[in-house]
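Enquirer: Kindly produce the complete structure, drawing on both the sequences and the hints.
The chain contents come next:
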Amino acid sequence: MKIAIASGKGGTGKTTLSTNLAGYFAEKGEMILADLDVEEPNSGLFIKGETVYKEDKYKMIPEWEQEKCSLCGLCQEVCNFHAVIQLMDQIMVFPELCHSCYACSELCPTGALPMVPKKMGELNHFQKDNLTFVESRLDIGQEQAVPLISQTNEYVDKHFHKEVLKIYDSPPGTSCQVIEAVKNADFVILVTEPTPFGFHDLKLAIDTLKEVKIRFGVVVNRHGIGNDDVVNYCQKESIDVIAKIPNSRRIAELYSCGELIYQKIPEVKHQFENIERYIFAINKKVS
Amino acid sequence: MKIVFTAKGTEWDSMMDPRFGRTEFILMYNNEKDEFTYTDNRDVANEAHGAGPRTAQRLFELNPEVLITGNGPGGNAAVVLEKAGMKIFIGAGQMTVKEAFEAYKKGELKLL
Chain A
1 MKIAIASGKG GTGKTTLSTN LAGYFAEKGE MILADLDVEE PNSGLFIKGE
51 TVYKEDKYKM IPEWEQEKCS LCGLCQEVCN FHAVIQLMDQ IMVFPELCHS
101 CYACSELCPT GALPMVPKKM GELNHFQKDN LTFVESRLDI GQEQAVPLIS
151 QTNEYVDKHF HKEVLKIYDS PPGTSCQVIE AVKNADFVIL VTEPTPFGFH
201 DLKLAIDTLK EVKIRFGVVV NRHGIGNDDV VNYCQKESID VIAKIPNSRR
251 IAELYSCGEL IYQKIPEVKH QFENIERYIF AINKKVS
Chain B
1 MKIVFTAKGT EWDSMMDPRF GRTEFILMYN NEKDEFTYTD NRDVANEAHG
51 AGPRTAQRLF ELNPEVLITG NGPGGNAAVV LEKAGMKIFI GAGQMTVKEA
101 FEAYKKGELK LL
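Top line first, the protein sequences correspond to chains A and B. So that you can map any letter, position 25 of the first sequence is 25 in the numbering used here, and since no number is skipped, the others follow by simple counting. So that you can map any letter, position 79 of the second sequence is 79 in the numbering used here, and since no number is skipped, the others follow by simple counting.
Hint data in this document are derived by calculation from the structure and do not stem from the laboratory. Just so you know, not all the hints are guaranteed correct.
Subject to a maximum C-alpha distance of 30 Å in a straight line, what follows is the list of computed DSS-like cross-link-like pairs (lysine-lysine) [unchecked claim]:
id	chain 1	residue 1	chain 2	residue 2
1	A	Lys119	B	Lys83
2	B	Lys105	B	Lys33
3	A	Lys118	B	Lys83
4	A	Lys68	B	Lys83
5	A	Lys54	A	Lys183
6	A	Lys68	A	Lys54
The structure presented is a predicted model; accordingly, all values stated were derived computationally and were not measured.
Expert: Here you go:
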């Protein structure tokens, strides 16, 4: 079963929930945590495992071969991203804008734009007892997170059995990279904080998930601050609030020391039991 | 000499557009012929990706000696503009086109 942890607003507790749930479930058996927030992966701050495997990740980019080019301009016409541009007698390629769609390369009548691999980041695979942790990190200056997220998902699918519980720490927001991170999930947990900002972005995230037709539920983090808008909204829209993690200075302290919180704060563990029951009930319905 | 401006309208009194890639219009003044023309850039302004290089490509085709704009081009656009070899003056984003031209003549704008 695949569970993605997403949020809308940043800083609401995706990584806190992902790493703690991973630790909690790993006490019961084998499980996978994948950090798909490749622009700034930080689950690794809380999981100290041994490196099992690492590899560089590449995306395919067209490279102009001047001697083959007839300067017909078709490549720049078919590029939806203006990543290929013709300036007089030369073709310029902007690798950061390229979405690796191959259109320019495949349609070039003279084969003057072969696709070549360009490094975009690296994938790391760690092991800590029952917990497998996979993390990908985009290189500085790279603008496209989607290809790396997609390749990380492929890696996890290829190497681990589909029955094993997998948790995906997703990027914030509602952009392409979030959709790439959640689109293969069986269920998405949206973490929010009960503040006007949290509520606003939660609604955007809910709209996004409805659009892509993925089941989801809400976890309220830092419960006790802000107001009741999130909970009232979820009730009105028949969205399940799966757990409420209390606002607590102690949690913030543990987090800032890179420690997991569920072992030390009974109320958090109690809330995780709610999440576990909920997930297993869903898993039965899915399978 | 051909001078181009990034602008929100098509008149001397129009406001400058501080953005380079997503500027709504590209105005061009040829001071030898006293000729004032414009290019509608709103198709590019509304695109999700690659507005910078696309607008830079348009400027490359217009081939002016001077560009007057607001915030200045980003990295991708700058590569294209460099090939065209035009001088780029920035900091005129909050002016009218006329004021920007006067400021340029007085040497008050920053050369990139």
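Enquirer: Against this structure, judge whether each hint is valid.
Expert: Hints and how they fare:
Restraint check for Lys119/A and Lys83/B: the C-alpha separation of about 26 Å stays at or below 30 Å, so the hint holds. Taking the CA atoms of Lys105/B and Lys33/B, the gap is near 17 Å; set against the 30 Å cutoff, the hint holds. Between Lys118/A and Lys83/B the CA atoms are separated by roughly 24 Å; this keeps the pair inside 30 Å, and the hint holds. The suggested pairing of Lys68/A with Lys83/B holds, with an alpha-carbon distance near 22 Å, which does not exceed 30 Å.
About 25 Å separates the Cα atoms of Lys54/A and Lys183/A, which keeps this hinted pair within 30 Å; it holds. At roughly 37 Å between alpha-carbon atoms, Lys68/A and Lys54/A are farther apart than 30 Å, so this suggested pair is violated.
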